[in-house]
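*Asks:* Read off the chains here:
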Amino acid sequence: EAQVTQNPRYLITVTGKKLTVTCSQNMNHEYMSWYRQDPGLGLRQIYYSMNVEVTDKGDVPEGYKVSRKEKRNFPLILESPSPNQTSLYFCASSFTGRQQYFGPGTRLTVT
Amino acid sequence: AQSVTQLDSHVSVSEGTPVLLRCNYSSSYSPSLFWYVQHPNKGLQLLLKYTSAATLVKGINGFEAEFKKSETSFHLTKPSAHMSDAAEYFCVVKTGGYQKVTFGIGTKLQVIP
Chain A
1 EAQVTQNPRY LITVTGKKLT VTCSQNMNHE YMSWYRQDPG LGLRQIYYSM
51 NVEVTDKGDV PEGYKVSRKE KRNFPLILES PSPNQTSLYF CASSFTGRQQ
101 YFGPGTRLTV T
Chain B
112 AQSVTQLDSH VSVSEGTPVL LRCNYSSSYS PSLFWYVQHP NKGLQLLLKY
162 TSAATLVKGI NGFEAEFKKS ETSFHLTKPS AHMSDAAEYF CVVKTGGYQK
212 VTFGIGTKLQ VIP
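Same order as they appear, the protein sequences are chains A and B.
Every letter in the first sequence is one number past the one before it in our numbering, and letter 106, counting from 1, is 106.
So our numbering is basically just the index in the second sequence, starting at one, shifted up by 111.
Treat the hints with care, as some may be off.
With a straight-line cut-off of 27 Å between C-alpha atoms, the simulated DSS-like cross-links for lysine-lysine are [said to hold, decoys possible]:
(1) B:K160 with A:K57
(2) A:K17 with A:K57
(3) B:K160 with B:K211
(4) B:K169 with B:K153
(5) B:K153 with B:K179
(6) A:K65 with A:K18
(7) A:K17 with A:K69
(8) B:K153 with A:K71
(9) A:K17 with A:K65
(10) A:K18 with A:K71
(11) B:K160 with B:K179
(12) B:K219 with A:K71
(13) B:K180 with A:K69
(14) A:K65 with B:K153
(15) B:K219 with B:K180
(16) A:K71 with B:K160
(17) A:K65 with B:K211
(18) B:K180 with B:K153
(19) A:K18 with A:K57
(20) B:K219 with B:K160
(21) B:K169 with B:K219
(22) B:K153 with B:K219
(23) B:K169 with A:K57
(24) A:K57 with A:K69
Calculated directly from the structure, the hints in this document are not laboratory data.
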């Protein structure tokens with residue numbers, strides 16, 4: 001089944017404790033992207049990747065890192081999480097210029 | 112640069128009446144435009160997309176949207192609302208050759224029985 005998977009789905013952590021949210025797709029898509037969704041703000045793009053080893057900042061990259069060492073995986077790294085990074089996070093993938101397929105979301109709470 | 116403005120944060124309609132969700136965009140280049148729907152506590156599902164072919168785009172579940180370049184609009188419509196249409200709808204722009212994706216803030220559609 002074609003899908004985008006994210007893990008974990010729910011995470012509660014404390015300020016400053018490094019964490020990684022994984023994202024994996026099985027559709028051989030070149031393009032992958034991370035978004036955060038906050039009430040009243042819609043989805044905002046954090047980082048995107050056009051292919052292996054090619055990443056670029058979206059609109060809200062501060063406090064986040066990404067890597068794209070393999071085509072199928074695009075982890076999101078929070079080196080030192082802060083409470084303002086409490087949010088719902090979505091990973092998405094697509095062929096370049098085509099519709100995006102979204103993962104189920106990861107709800108992160110930073111206390 | 113690109114941006115999206117969804118003109119209504121909430122829209123309320125009666126079941127069986129038409130739906131209109133408004134979206135205006137700005138883009139320096141030829142845009143691709145999308146509408147996504149998100150049901151409560153669910154992920155995002157593509158409703159329809161415009162990628163420079165026909166200006167009237169038909170999507171799933173009876174929704175359609177018309178690309179109007181002169182008005183920089185991409186409004187979403189449906190002739191008759193169903194209860195199952197109650198959800199949040201996002202208008203999205205992506206500019207050709209420029210891989211950033213910009214979402215509108217969303218419009219919550221309420222359908223009244």
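*Asks:* Take the hints in turn and mark each one as holding or not.
*Replies:* Against the structure, the hints:
no.	hint	in the structure
1	B:K160 with A:K57	holds (24 Å)
2	A:K17 with A:K57	holds (23 Å)
3	B:K160 with B:K211	holds (16 Å)
4	B:K169 with B:K153	holds (23 Å)
5	B:K153 with B:K179	violated (30 Å)
6	A:K65 with A:K18	holds (11 Å)
7	A:K17 with A:K69	holds (23 Å)
8	B:K153 with A:K71	holds (26 Å)
9	A:K17 with A:K65	holds (14 Å)
10	A:K18 with A:K71	holds (24 Å)
11	B:K160 with B:K179	holds (14 Å)
12	B:K219 with A:K71	violated (35 Å)
13	B:K180 with A:K69	violated (39 Å)
14	A:K65 with B:K153	holds (26 Å)
15	B:K219 with B:K180	holds (25 Å)
16	A:K71 with B:K160	holds (25 Å)
17	A:K65 with B:K211	holds (17 Å)
18	B:K180 with B:K153	violated (32 Å)
19	A:K18 with A:K57	holds (20 Å)
20	B:K219 with B:K160	holds (19 Å)
21	B:K169 with B:K219	holds (21 Å)
22	B:K153 with B:K219	holds (14 Å)
23	B:K169 with A:K57	violated (32 Å)
24	A:K57 with A:K69	holds (17 Å)
Hints 5, 12, 13, 18, 23 from the earlier list are contradicted by this structure; the remaining hints agree with it.
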